[in-house]
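Asks: Take the sequences, apply the hints, and build the full model.
Just so you know, the protein sequences line up as chains A and B, in that order. According to this note's numbering, the stretch in the first sequence is residues 1 to 111, in order. According to this note's numbering, the stretch in the second sequence is residues 1 to 116, in order.
Hints in this document: simulated from the structure, not taken from any laboratory. Each hint should be verified, as a subset may be incorrect.
[Claimed, not checked] Listed below are the simulated SDA-like cross-link pairs for lysine to any residue, each with C-alpha atoms no more than 20 Å apart in a straight line:
id: 1; chain 1: A; residue 1: K68; chain 2: A; residue 2: S52
id: 2; chain 1: A; residue 1: K37; chain 2: B; residue 2: E44
id: 3; chain 1: A; residue 1: K37; chain 2: B; residue 2: T38
id: 4; chain 1: A; residue 1: K37; chain 2: B; residue 2: Y106
[Unchecked claim] Part of the chain B face toward chain A, derived, beta carbon under 7 Å:
id: 5; residue: Q41
id: 6; residue: G42
id: 7; residue: F45
id: 8; residue: S87
id: 9; residue: A88
id: 10; residue: L91
id: 11; residue: F107
id: 12; residue: G110
All values reported here derive from a predicted model rather than from experimental measurement. Here a beta-carbon is modelled for each residue, glycine too, at the ideal position from N, C-alpha and C.
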Amino acid sequence: DQQVKQNSPSLSVQEGRISILNCDYTNSMFDYFLWYKKYPAEGPTFLISISSIKDKNEDGRFTVFLNKSAKHLSLHIVPSQPGDSAVYFCAASSGGNQFYFGTGTSLTVIP
Amino acid sequence: DTGVSQDPRHKITKRGQNVTFRCDPISEHNRLYWYRQTLGQGPEFLTYFQNEAQLEKSRLLSDRFSAERPKGSFSTLEIQRTEQGDSAMYLCASSPPGLAGSETQYFGPGTRLLVL
Numbered sequence: 001d002q003q004v005k006q007n008s009p010s011l012s013v014q015e016g017r018i019s020i021l022n023c024d025y026t027n028s029m030f031d032y033f034l035w036y037k038k039y040p041a042e043g044p045t046f047l048i049s050i051s052s053i054k055d056k057n058e059d060g061r062f063t064v065f066l067n068k069s070a071k072h073l074s075l076h077i078v079p080s081q082p083g084d085s086a087v088y089f090c091a092a093s094s095g096g097n098q099f100y101f102g103t104g105t106s107l108t109v110i111p
Numbered sequence: 001d002t003g004v005s006q007d008p009r010h011k012i013t014k015r016g017q018n019v020t021f022r023c024d025p026i027s028e029h030n031r032l033y034w035y036r037q038t039l040g041q042g043p044e045f046l047t048y049f050q051n052e053a054q055l056e057k058s059r060l061l062s063d064r065f066s067a068e069r070p071k072g073s074f075s076t077l078e079i080q081r082t083e084q085g086d087s088a089m090y091l092c093a094s095s096p097p098g099l100a101g102s103e104t105q106y107f108g109p110g111t112r113l114l115v116l
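Replies: Structure (structure tokens):
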């Protein structure tokens, strides 16, 4: 039962353009959401998070948007850089200690 | 402290053998998590420790899996009587004290297990 879904397995974007990665969830009890980036042979690295009391959180080139009514969040990367090429996972929790991860989206930024 | 470390990084074993993995969290982190990741999937929660207490365990976790964190520092994950379906990347993560469900987890590089 996949409670967090990333329906796009891959995405290619030109350097300098915007990358938009999407994530949908089914559990309305989720109230905290995170994005992680993963390079090959490494563990996931925390990127940005958002609480359900907000609808937007920004950190440099990275912005996460949360639409609670649609149970949807997205990560925007502007401008995209070749070093951003990685697999991106969204994750969610409902206030407990169990985090649910999506299946990931592989982003390729083309120079 | 350079982050979460895991040992070994790779393990190849024969079906039916027992394996044990070790995780050393960031020193001031009292929370520790184990995840399993298979190809094309995201990390799947296995279990959670706060200090030495195992507070949550996935209902999907087989009885062949056991985890310990005896002194509230490093943790071990043991898989008994391994099966080919256990082949996966086993990830450990730690996080500092804070409000449950809102902390940032710091992941180790993982242990890749291959069961032949």
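Asks: Work down the list of hints and note, for each, if the structure agrees.
Replies: How the hints compare with the structure:
For the hint linking K68(A) to S52(A), the alpha-carbon distance of about 7 Å falls within 20 Å, and the restraint holds. Proximity of K37(A) to E44(B) is assessed by CA-CA distance (about 16 Å); at most 20 Å being required, the pair is judged to hold. Only pairs whose Cα atoms come within 20 Å are accepted, and K37(A) paired with T38(B) is accepted, the gap being roughly 17 Å. Of the pairs offered as hints, the one joining K37(A) and Y106(B) holds, with about 12 Å between alpha carbons and a cut-off of 20 Å not exceeded.
A distance limit of 7 Å between C-beta atoms decides the matter here; for Q41(B) the minimum to chain A is near 6 Å, and the interface restraint holds. With its C-beta approaching chain A no nearer than about 3 Å, G42(B) sits inside the 7 Å limit, and its interface hint holds. For F45(B), the interface hint holds, since its Cβ comes within 7 Å of a Cβ in chain A; the closest pair sits about 5 Å apart. Using the Cβ-Cβ criterion of 7 Å, the hint placing S87(B) at the interface with chain A is not satisfied: the shortest such distance is roughly 17 Å.
Hint status for A88(B) relative to chain A: violated, with the closest Cβ pair at about 14 Å, above 7 Å. The interface hint given for L91(B) holds, since its Cβ lies 6 Å from the closest Cβ of chain A, which is under the 7 Å cut-off. Annotation: F107(B) was flagged as interfacial toward chain A, and the flag holds, the nearest CB pair being 3 Å apart, inside 7 Å. The interface hint given for G110(B) is met, as the beta carbon of that residue sits about 5 Å from the closest beta carbon of chain A, less than 7 Å.
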